[in-house]
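As a plain string of letters, each chain reads:
There are 4 protein chains.
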Amino acid sequence: MTGIKVAINGFGTIGKRVADAVDAQQDMEIVGVTKTGPSFGCDLAVRKGFPLYCTFNDEASIARFAEQGYDCAGGLSDLLAIADVVIDCSPGKMGDENLAKYKAADIKYIFQGGEKHALTGLSYSSSANHEQNLNAAGTRVVSCNTTGLSRTLVPLYEHCGSLSVECTMIRRAADPGDSKKGPINAIKPVLKVPSHHGPDVMTVKPEININSLAVAVPTTLMHLHSIIADLPSGHGLTTEGVLDMWRNTPRVIVMHGADNRITTTAEVMELARDIGRKWGDLHEIFVWEDGVSLQGDRLYYFQAIHQESDVIPENIDAIRALMGIEADWRASVAKTDAAIAAYYNL
Amino acid sequence: MTGIKVAINGFGTIGKRVADAVDAQQDMEIVGVTKTGPSFGCDLAVRKGFPLYCTFNDEASIARFAEQGYDCAGGLSDLLAIADVVIDCSPGKMGDENLAKYKAADIKYIFQGGEKHALTGLSYSSSANHEQNLNAAGTRVVSCNTTGLSRTLVPLYEHCGSLSVECTMIRRAADPGDSKKGPINAIKPVLKVPSHHGPDVMTVKPEININSLAVAVPTTLMHLHSIIADLPSGHGLTTEGVLDMWRNTPRVIVMHGADNRITTTAEVMELARDIGRKWGDLHEIFVWEDGVSLQGDRLYYFQAIHQESDVIPENIDAIRALMGIEADWRASVAKTDAAIAAYYNL
Amino acid sequence: MTGIKVAINGFGTIGKRVADAVDAQQDMEIVGVTKTGPSFGCDLAVRKGFPLYCTFNDEASIARFAEQGYDCAGGLSDLLAIADVVIDCSPGKMGDENLAKYKAADIKYIFQGGEKHALTGLSYSSSANHEQNLNAAGTRVVSCNTTGLSRTLVPLYEHCGSLSVECTMIRRAADPGDSKKGPINAIKPVLKVPSHHGPDVMTVKPEININSLAVAVPTTLMHLHSIIADLPSGHGLTTEGVLDMWRNTPRVIVMHGADNRITTTAEVMELARDIGRKWGDLHEIFVWEDGVSLQGDRLYYFQAIHQESDVIPENIDAIRALMGIEADWRASVAKTDAAIAAYYNL
Amino acid sequence: MTGIKVAINGFGTIGKRVADAVDAQQDMEIVGVTKTGPSFGCDLAVRKGFPLYCTFNDEASIARFAEQGYDCAGGLSDLLAIADVVIDCSPGKMGDENLAKYKAADIKYIFQGGEKHALTGLSYSSSANHEQNLNAAGTRVVSCNTTGLSRTLVPLYEHCGSLSVECTMIRRAADPGDSKKGPINAIKPVLKVPSHHGPDVMTVKPEININSLAVAVPTTLMHLHSIIADLPSGHGLTTEGVLDMWRNTPRVIVMHGADNRITTTAEVMELARDIGRKWGDLHEIFVWEDGVSLQGDRLYYFQAIHQESDVIPENIDAIRALMGIEADWRASVAKTDAAIAAYYNL
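Quick note, the sequences are listed as chains A, B, C and D, same order. Residues 1 to 346 in the numbering used here are what the first sequence lists, from first letter to last. Residues 1 to 346 in the numbering used here are what the second sequence lists, from first letter to last. Residues 1 to 346 in the numbering used here are what the third sequence lists, from first letter to last. Residues 1 to 346 in the numbering used here are what the fourth sequence lists, from first letter to last.
A portion of the hints provided could be inaccurate.
Given that identical chains are not distinguished, each listed pair holds provided it fits within a single copy or across any two copies.
Said to hold, decoys possible - In the DSSO-like style, the derived pairs of lysine-lysine whose C-alpha atoms are separated by at most 27 Å in a straight line are:
| id | residue 1 | residue 2 |
| --- | --- | --- |
| 1 | Lys48 | Lys5 |
| 2 | Lys48 | Lys335 |
| 3 | Lys5 | Lys93 |
| 4 | Lys181 | Lys93 |
Don't read these hints as lab results, they were simulated from the structure.
Please build the complete structure, drawing on both the sequences and the hints.
Given below as structure tokens:
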């Protein structure tokens, strides 16, 4: 079967992961990925058999690939011409420029959470607003943090009918492969109060009332959210009831920290490595069972977010939404996750 | 003048600092400090001229000091016999045992925040309940975190008449001189939800309604608090009004992070080193001016806590409270801080 | 085909990796792995289809597995009874006790580098002394550091005929999944001078004269070796000649750091994640091309060691040596590595 | 008495420390310090009573200080006009430009180790070449690393008559007050092999033959040197003899790590904080007694370097050398150190 033709514009941290996830699916395929020039990262595309395109369209830029021994199939325009949808995984600040190119090519487009909601006027999170994105021209998959918040807050909201949330985000200061950024020994508060992170949830589920504060800390593995959610009276939930709800929520893992000796993000990522997805990725949000407590109408909990990968399966679901081939978000999620598990022999 | 005779039981991280702070005052003096045995830490006492006692009373333990060339003036009982008040700075889990000794010696006693409130039935924080501690037999100076919360919350409470607070504590995982503890690269949530830290404020100011969550992160310098305080309606405050209140609060520093390039706890501690107290200590709580925001009745702010030293001046004030020599907390605080500044030529 | 029957005693950091590597080969198979009791780690064995045995032989210990829903095929003795060779991956200090059990079961045994050479009287490193291990009763695969040193030093020695080496080992203080150990912000010299690490090379290649110094630093990813090797006069090598030698050495990667922006161990491990072995493992030793310099007869170079995994393929080769089924170390290495690559679809 | 008039050009990490050290001496005084503009750092100068000058000479730059409430005594030229010697503590890359200004003002000048030897053609380390610097027009105090190497290697050289040294420098990646630089979790080899650090020793003691390799690690406290020194045969030394030599060397501390529980740079810096110099500085080089071992003619040892402060007393000695007021380096060192100890009540 010939599936949806997907282009990846930017084959870096997110791009390489989305490409693999697309490659894993039955109903879509990679028609090409772009790099700005020949570099070590091209080898990964070659090994996977993904056609390599140049981010730029000029002959000189394209010719540089051949000089280093890489086949280059053309420029970005050539790639867009043969694709149904493009996943924009280019570094920040290119949004407006790239959007114009995608519209000119008359294909659907998906941006990442580094871009502002205003760019697309529509955002996406699988459990929050898949239906709203059906057949849209383009969308923005929300950031790793917003995706993580949506995973646990949306089912809570849907049960309760209203929700008021405060979140302190303890963020990893740099990704594992980034040796430039600090701090080495300090805590850095984000001096924009409240921060933009929490309210971004409202781009996919405006009914949830949420604010956040953020700090960066000297670790590379995961973000951690310290969350307080005020439920409306009459919610009928217990701590155990909340846990059960999340146990039945896709892409959420609930585990007891003390019983399993998973007491920090280090052990969570070790669990992820054992699962066996490439790069040791953890697509799920990790909730500590013994870190959840409902006190009256106020729910306290911690969750950990793998900043490099939790949005990867959401991109796949977003493709299906835009292409209008799967109207039920749960069906898309099940399809996406089963295909990825099979791909990696999990 | 002969001042209040102060014994320090345990001359470690806190003990050595309290000893210096006592030494700086006009109305009190160190009559001795204890060590469990001869070690490098004894040199510091010798250099300062503090009489050295043994934590234990048996001859053999006392004799070990002389073997290593240190004068030892006797055992703990000998020290307690000549003191008016003892500051307990011994490591944890000795509270009950030590309390019995202090009562037997019929002297006043001050424990630190590592002990539980139940041990003494009375706790202390200078701005919160100095009056309540006047002439008491003994008390407990609350922990570094609780002291920090009291500094900024008590004046807020006193202005507003009621206060409801949630705090996420991002804790340094180990002290600067501790090379044993991790994590090196992880975030560790405290899986007791809510944590005990916030509610401890209610031992000194029960009218403040407070809960907290805590995480430990790989840094050694300071704790950071991410705080949300709900003010009662009609509070009449603005963000600027709150800042002014804290600018006029003793032992609170309010500075603009962006303007002064003090964007993390690293720069805060560098500021402390410039101030010039021994060990680079920061007795004050540091509040980022640009990290404070009052949104309706909800106040958001960040504060940083020097875990090794913010309780030091509180111990001095607590001595005056127990001895009944200064009924006005503001007067005691002013006296304490001026004497310390003079001692270090600040 | 029925291959060599391999038992894994201890299914932890090393055990789980060796099990996968054995599973990847055509000429051997896993007949069982041991765990001390039911725990999360058992799930990994279940998912892989490895029969689960109990480290202990008593009924009560074995019964605990069933209580938690795990099939347990028996105790260690039952496992040893059906195996040809056992890979000892149990935690330290069990060497003597376990060796007695393996001898009693009359099967071949392979210990890891955490045990002393004296336990087995024979050690193993693929390129150093495969032949010496042919048909032996048992051996010890040397540690990650010693394996790393052997990879680059043995070919150098074989070209030069003699070699005198000093190495400073900058060690990661804890593994990525270990959140207990520090230091968070310090450098820790190993105050045994010279350290035991370098001389351990002489258990597999006694002709290399080597000493070492070691320090631990606050990172989890890799060890790094800073090496000075004195070549005998008349060696005929150049810096480029040394690089070419290593480019042709199995399990050594030579890359230019500046050109590829691989300037720290963070980028090296990112490269490893891109390769795609489970757990993001790097079986190869990484040598920075621009960190190698031959000055007269003295060679300077840096190499990075993935402490969790470089010994994994050596264990496979050691099995073949003990079983006497492949006398040529290069043939075994090629077989091992090709099978692992195929297993992970690299 | 009116002493030598010292100007500090650049009142930052090094400048503020040198200013205090000058202020501590009997035979010299601070006549002014420069800042580029009004900022928090000016407060420190004001508190110390150091006249404040502007780095620039133009009216507008000078006027900015008054606008922020600081007295500014003039521009750099005004300061140079009243000084006998200027200590250049400005950030890098200004060397040539500043040297021209100092020569134009016809005063003596001292640069720091961030500048190249070629700038001044003369470098300085108290124990290495004080005599060579007597009455010179200007010099360069070598870097913290080179100063540290000189402290322990020069006496060794002087005893032995020749010395061949290899050093691996494990460097702190950022200073404690610097929150920008990484890496957070990686080891970074300096891919210039050999590195420039070791050979810089030869600018002050060319007779010592030395090379070095360097790596940066995620810590802020101290550098650590892993050193191998080859002594000439017939040196007559033992490990204990080397230790005795260093015990008698100024500005070297020799302590047993295991006995004193000083096993990492964290505990060394805690020792420094106990000593009580401002900023918790450690002017001495710290050598672990149990990390020194002479094996035949090869000496192995570790030493730790407080990168922020070990050069501070050397700057004072260098002033005396240039001004020709103290020909004996040991006499100058004794004078410098005693004055600093008295200044801080140590």
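Checked hints:
no.	hint	verdict
1	Lys48 - Lys5	within (16 Å within a copy, 34 Å between copies)
2	Lys48 - Lys335	both (22 Å within a copy, 23 Å between copies)
3	Lys5 - Lys93	within (26 Å within a copy, 53 Å between copies)
4	Lys181 - Lys93	both (19 Å within a copy, 23 Å between copies)
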